[in-house]
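2 protein chains.
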Amino acid sequence: MSSNRQKSLELYERAVSVIPAGVYGHTSPAATLPIAFPYYAESAEGCTFTDVDGNRYIDFMCAYGPILLGYNHPEIEAAAREEKARGGLYNHPAKVMVELAELLTERIDFADWAVFGKNGSDMTTWALQVARQHTGRKKVLTVKGAYHGVDAWTNPSPGGVIEEDRLHIHHFSWNDLSSFEQQVNRYPGEIAAVMLTPFHHPAFAANVLPGEGFFEGIQKICNANDILIILDDIRCGFRLHEAGSHKRFPIEPDMSCYCKALGNGYPISATVGKDHLQAAAGKVFLTGSYWSDAVSMATAKRCVELVAELNIPEKLNTLGKRLITGLEEAAANAGLKVTGHEPYAMPYLTFEDDPDLRKMQRFSEICANEGVIFHPHHNWFISAAHTTEAIDDAIEIASKAFQAVASEFNS
Amino acid sequence: MSSNRQKSLELYERAVSVIPAGVYGHTSPAATLPIAFPYYAESAEGCTFTDVDGNRYIDFMCAYGPILLGYNHPEIEAAAREEKARGGLYNHPAKVMVELAELLTERIDFADWAVFGKNGSDMTTWALQVARQHTGRKKVLTVKGAYHGVDAWTNPSPGGVIEEDRLHIHHFSWNDLSSFEQQVNRYPGEIAAVMLTPFHHPAFAANVLPGEGFFEGIQKICNANDILIILDDIRCGFRLHEAGSHKRFPIEPDMSCYCKALGNGYPISATVGKDHLQAAAGKVFLTGSYWSDAVSMATAKRCVELVAELNIPEKLNTLGKRLITGLEEAAANAGLKVTGHEPYAMPYLTFEDDPDLRKMQRFSEICANEGVIFHPHHNWFISAAHTTEAIDDAIEIASKAFQAVASEFNS
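Chains as they are written, first to last, in our numbering: chain A, 40 to 450; chain B, 40 to 450.
Hints may be right or wrong, so weigh each one.
No copy labels: a pair is met if it fits in one copy or bridges any two.
As the list claims (entries may be wrong) - Under the rule of at most 25 Å between Cα atoms (straight-line distance), these lysine to any residue pairs were calculated in the SDA-like manner:
1. Lys313 to Glu116
2. Lys177 to Ile208
3. Lys177 to Tyr51
4. Lys177 to Phe324
5. Lys123 to Ala371
6. Lys360 to Arg95
7. Lys322 to His416
8. Lys286 to Arg361
9. Lys123 to Ser446
10. Lys439 to Leu142
11. Lys259 to Gly365
12. Lys322 to Gly374
13. Lys123 to Ser217
14. Lys177 to Phe448
15. Lys134 to Glu404
16. Lys123 to Leu206
17. Lys177 to Ser196
18. Lys360 to Ala347
19. Lys322 to Asp204
20. Lys322 to His207
21. Lys123 to Tyr51
22. Lys313 to Ala60
23. Lys46 to Thr326
24. Lys177 to Arg205
25. Lys177 to Lys376
26. Lys259 to Trp213
27. Lys183 to Leu248
It is worth saying that the hints were derived from the structure and are not from the lab. Predicted model only: the values in this text are computed from it and were never measured.
Looking at chain A on its own, in the form it has when it is part of the complex (with noise of 0.2 Å):
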């Protein structure tokens, strides 16, 4: 096959007139790469979507997380239509918010309490604002090119930010803890926090994990220095471990943030934190519109008990070593050298020799236009509902892509 994308053409020609710049969100590729990919989804199931041309893609972006334990997972389902019976939003919320809180902070090691949101950002620009009301403090320190989501404090992008947002924010390089000492001893006493990724994902580049020693290292000059540690666990929360990922990439936070995954798709986010931090959680103002929606915590507890019951992390480990083994063996058997990157459960894949990502660019579109989605600038993901027979597929398809890649690339 060969995907027709005419009717997610006619629906961006109507959009550019009504939404600025057509789309936004996360459909980076659409301005990197006209109709490379679909624009608009028409439904989804298990490990696939179909887009609006009817073209069926077996996919591995998830909605770029959420999708855990695949699209429209029958107990997922069962619970939100269970809630939703009764009703769902009110002025108060329902019982499911206190069980909800109770079961996060029993599953998460250092957490005794939890708050909800509607997006990572909301999380991760209150959990900031939680750090500065317990120190006193007003600096916080993130790693270069990590994303921490849409707020003004954080995000990648200069439009409407002023200077005054940013001030206090200051940076390090990921596994280099030389960089964050120096930042450390060039404002002492003033750091309120640090906030870290449980690996370094940013976009055009690859995943890196932390290194020997660097969360260790993190972790005493925090302790040294009173700086709490925020992790933001928005985008893997529950794909690498069934109790957050600071299990799997050890460090001890002081505040961890949700979202993603939490509730296979509904919208729901969280943060969990130590006691030490209660008062001042409690002093930082939080609420929203739809703050009380008791449909998204019923999805979310489902989610977080299956995530344990069925041991997701490592059956998305498994996949994800399937999948990746698999394709850096086609990619050789063509003659090209890639390189797989973990966690399997959010992997990516670099080519060699690829300094501008054309080659991983047009890998993804030949996949595409053949029925497989794999984001040329962003990790991808795994979900429980992606089959071996899935993967092997995947793989077969990426197998004719790698072929035209060595032959376009070679000529």
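Since the structure of chain A is already known, use the hints to place chain B on it.
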């Protein structure tokens, strides 16, 4: 009946050990008037909800605004189910995103484009950034005591806020054009925008409508100084006028922000704007883990359609007027003087000689015990599911509460 709140209390006791302060969000009466109202809801239907102890209430809060057509409205739920049956959250938006943007830009006179978020604050903060991007100016004027969301530049609490967050936010007084003019003259060429609500709806105080000439004066000064007008229509939108609240209280915004009633309880917010801001809008970062959620967009589309088809704002006005005139009469019969505050679709009531709101609090508490929810500190909300019978039942219960208040406060 007199409400038992045993299960609310039991859940609250569990909550305080896993949620900072036990509860957050817009449940302020929980802090100021312990257990005068229920803490947890179990189910809702039409214009009533039932708490976890099985007490059923005629509700005049509508989940603090989102419930416009009534809890569990059949046509909204059908729209949600239809979209959900296909999937809902994908790598890409669904067709309904384009359709919703088309509908809003058609319905709202000045609107040439639309974008969507999940919280009201997503949109007020983003609109502020678009104004800064477009004008290259930093400063934004807001009304003293106005609520524009949870973000640090505007929220009503000092917790975790640093001075830089609010350095370029300046205030003026509602209905005081000279105080607005003063700020404009103080910062010539530095003000990007003014953010206004359609009427003033501070907490712990009565609604205040825009006075004669106030909006006209602001419009004139803004036009003369290239200051953008952002209408924060989050709380009022689609309750006061089918085409935006600026049609009820005339002003010509450059951007308007909607949320609350937009999806009848499904989590969605929107900003619409004029053509000349489209380029700036395309440059200000905007996304979220659930930004492409098609289910909430489908409910918003159906809800906005129904608002016009069923003439909802007029219906709410008639129902609210019946409630408020009935309450005024019942109070007078009890020898109390109260004042009902417009707009009737979002009314509020104050007692004469009640500076600390003690009478209002006692009145609300008695009504809640007897099965009617009137908030003591926040404007109320009428929904299209309120029947004249429900309103008359509420007035009857209120009559007894007025008698009790009269007797308690006169002794």
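Okay, the hints, checked on the actual structure:
1. Neither within a single protomer nor between protomers do Lys313 and Glu116 lie at most 25 Å apart by alpha-carbon distance, with minima of 32 Å and 39 Å respectively.
2. In this homomeric assembly, Lys177 and Ile208 come within 25 Å of each other (Cα to Cα) both inside a single copy, at 9 Å, and across copies, at 19 Å.
3. Proximity of Lys177 to Tyr51 under the C-alpha cut-off of 25 Å is found in neither arrangement, the shortest distances being 43 Å within a copy and 33 Å between copies.
4. Taking the closest pair of Cα atoms, Lys177 and Phe324 come within 25 Å of each other both inside a single copy (17 Å) and across two copies (24 Å).
5. In the homo-oligomer, the alpha carbons of Lys123 and Ala371 never lie at most 25 Å apart, since the shortest distance is 51 Å inside one protomer and 42 Å across protomers.
6. In this assembly of identical chains, Lys360 and Arg95 lie within 25 Å of each other by CA distance solely inside one copy; the values are 24 Å within and 54 Å between copies.
7. With identical chains, the CA atoms of Lys322 and His416 are at most 25 Å apart between copies only, with a shortest distance of 20 Å across copies and 39 Å within one.
8. In this assembly of identical chains, the alpha carbons of Lys286 and Arg361 lie at most 25 Å apart only when taken from the same copy (23 Å versus 59 Å across copies).
9. In this homomeric assembly, Lys123 and Ser446 never come within 25 Å of each other (Cα to Cα): the closest approach is 54 Å inside a single copy and 43 Å across copies.
10. Proximity of Lys439 to Leu142 under the C-alpha cut-off of 25 Å is found in neither arrangement, the shortest distances being 46 Å within a copy and 44 Å between copies.
11. For the homomeric pair Lys259 and Gly365, neither the shortest alpha-carbon distance inside one copy (40 Å) nor that between copies (67 Å) is at most 25 Å.
12. Neither within a single protomer nor between protomers do Lys322 and Gly374 lie at most 25 Å apart by alpha-carbon distance, with minima of 60 Å and 41 Å respectively.
13. Taking identical chains as interchangeable, the C-alpha atoms of Lys123 and Ser217 are never at most 25 Å apart, the minima being 51 Å within one chain and 50 Å between chains.
14. In this assembly of identical chains, the alpha carbons of Lys177 and Phe448 never lie at most 25 Å apart, being 50 Å within a copy and 48 Å across copies at closest.
15. In this assembly of identical chains, Lys134 and Glu404 lie within 25 Å of each other by CA distance solely across copies; the values are 22 Å between and 47 Å within a copy.
16. With identical chains, the CA atoms of Lys123 and Leu206 are never at most 25 Å apart, being 44 Å at best within one copy and 43 Å at best between copies.
17. With identical chains, the CA atoms of Lys177 and Ser196 are at most 25 Å apart both within one copy (22 Å) and between copies (17 Å).
18. Taking the closest pair of Cα atoms, Lys360 and Ala347 come within 25 Å of each other only inside a single copy of the chain (20 Å); across copies the shortest separation is 54 Å, beyond that limit.
19. Taking identical chains as interchangeable, the C-alpha atoms of Lys322 and Asp204 lie at most 25 Å apart whether they share a chain (21 Å) or sit on different chains (17 Å).
20. Taking CA atoms no more than 25 Å apart as the test, Lys322 paired with His207 passes in both settings, with 21 Å inside one copy and 23 Å between copies.
21. In this homomeric assembly, Lys123 and Tyr51 come within 25 Å of each other (Cα to Cα) only across copies, at 22 Å, whereas the closest approach inside a single copy is 33 Å.
22. Taking the shortest Cα distances, Lys313 and Ala60 sit within 25 Å of each other only across copies (14 Å), while inside one copy they are farther apart (42 Å).
23. Taking the closest pair of Cα atoms, Lys46 and Thr326 come within 25 Å of each other only across two copies (24 Å); inside a single copy the shortest separation is 39 Å, beyond that limit.
24. For the identical chains of this complex, Lys177 and Arg205 are neighbours both inside a copy (11 Å) and across copies (14 Å), given an alpha-carbon limit of 25 Å.
25. In the homo-oligomer, the alpha carbons of Lys177 and Lys376 never lie at most 25 Å apart, since the shortest distance is 46 Å inside one protomer and 50 Å across protomers.
26. Taking identical chains as interchangeable, the C-alpha atoms of Lys259 and Trp213 lie at most 25 Å apart only when both belong to the same chain, with a minimum of 16 Å there against 52 Å between chains.
27. Within a single copy, Lys183 and Leu248 get their C-alpha atoms as close as 15 Å, which meets the 25 Å cut-off; across copies the closest is 48 Å, which misses it.
Consistency note: the structure conflicts with the earlier hints numbered 1, 3, 5, 9, 10, 11, 12, 13, 14, 16, 25.
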